[in-house]
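**Q** Counted the way full-length UniProt numbering counts, the sequence shown spans residues 1 to 283.
Any given hint could be a false lead.
[To be verified] Heads up, simulated BS3-like pairs for lysine-lysine below, C-alpha to C-alpha not over 27 Å straight-line: (1) 244 x 263; (2) 71 x 55; (3) 55 x 66; (4) 209 x 169; (5) 55 x 113; (6) 209 x 71; (7) 178 x 52; (8) 66 x 95; (9) 55 x 244; (10) 169 x 95; (11) 71 x 95; (12) 276 x 178; (13) 263 x 70.
Treat the hints as calculated values from the structure; they're not laboratory data.
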Amino acid sequence: MKPYSIFGDTIVFDGIRESEKLFQMKVGVFVRGNQYTRGSCFFINVQLDWFKKIKPSLCQNKEECKDLFKKSLFLVGEIGGNDINALLPYKNITKLRELVPLIIEAITNTTTKIIEEGAVEVVVPGNFPIGCNFAVLTIMNSDNINDYDQFGCLTAYNTFIEYYNGQLKQAIETLGQKNPQVNIIYFDYYGAAKRLFQAPQQYGFSSDKKETLRACCGKGEPYNVDINIFCGSAASTVCSDPSKHINWDGAHFTEAAYRQIAKGLVEGPFANPSLKSPRSKIA
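Using the sequences and the hints given, assemble the complete structure.
**A** Here it is, written out as structure tokens:
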């Protein structure tokens, strides 16, 4: 996917798509002549409704659908990130925890409906380490050095996501027990992304901690993020080499970072269980 009309300079799905010949199609959804390929966020029930509407154009009968879905990988999520991030300035972590069961219920209900439609291999991702998200670091900035871990991330918010992901994994395990015929895979977005901050140089990023914690595109100190100046606006600047940066615009990763995250998911060890379909490696 080219980096226009979307947030960030690519997404993790693009990296996974590179490794899978099954996905040799244009990213997006076509419904009644409308093309949804831009960076808009749609409610999960709307997306599910789209799937049901386009399903007859993918396969004509039960046997056709069974054969097609046997070779298909369904991705449910990541869900909940936008819901959580939007509430960070207004709710403390105790209040945020109260939302976790509601989000997970929405995920499990959606996954169940996808299975009822015939899916046999489903990926359910967890959430990213928002304590390392530069927009979150800017908005929830603290003067207390003890609020940060050794990599410059906000500990409390990462701990919250660890709790969220733990609850999600339990729900997936229960769902798998109810549907033993389906391979339900947990994608550990948290672990795949967090390692980039822990050892940036190992993955081709700058070893300078100050640079590691600066977005490529934006404006402001110390993270090159200003919530009132978006990437692409006249006041923003862009780094000379995005491939050396983990973060693109404060809220999203760079293409280079998403590639490393995708490698960890497709090639291991951040998929549990591993993807069963044969995939080629990501360059």
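**Q** Would you check the hint for residue 55 and residue 113, treating anything up to 27 Å between C-alpha atoms as holding?
**A** Given that 27 Å is the threshold and the Cα spacing comes to 13 Å, the pair holds.
**Q** Holds or violated: are the alpha carbons of residue 263 and residue 70 at most 27 Å from each other?
**A** The given pair, whose Cα atoms are some 23 Å apart, holds under the 27 Å limit.
**Q** Hinted pair, alpha-carbon criterion (27 Å max): residue 55, residue 66. Please report holds or violated.
**A** 12 Å, holds
**Q** Is it true that the CA of residue 55 sits at most 27 Å from the CA of residue 244?
**A** 41 Å, violated
**Q** Within a Cα-Cα threshold of 27 Å, do residue 276 and residue 178 meet the stated pairing?
**A** Holds: residue 276 and residue 178 sit about 20 Å apart, inside 27 Å.
**Q** Would the hint linking residue 178 and residue 52 be met if the CA-CA limit is 27 Å?
**A** Within the cut-off at roughly 23 Å; holds.
**Q** Residue 66 and residue 95 were given as a pair; does the straight-line alpha-carbon distance stay at or below 27 Å?
**A** At roughly 43 Å apart (the allowed maximum being 27 Å), residue 95 and residue 66 break the hint.
**Q** Tell me if the straight-line CA distance from residue 209 to residue 169 falls inside 27 Å.
**A** 32 Å, violated
**Q** Checking one constraint from the list: CA of residue 71 to CA of residue 95, max 27 Å. Satisfied?
**A** Violated. Residue 71 to residue 95 sits at ~41 Å, over the 27 Å cutoff.
**Q** Please verify whether residue 244 and residue 263 have alpha carbons no more than 27 Å apart.
**A** With a Cα-Cα distance of about 17 Å, the restraint between residue 244 and residue 263 holds, given a limit of 27 Å.
**Q** Are residue 209 and residue 71 close enough, with their CA atoms no more than 27 Å apart?
**A** 43 Å, violated
**Q** Given the proposed pairing of residue 71 with residue 55, does the C-alpha separation stay at or below 27 Å?
**A** At roughly 15 Å apart (the allowed maximum being 27 Å), residue 55 and residue 71 satisfy the hint.
Hints 4, 6, 8, 9, 11, counting from the list given before, are not met by this structure.
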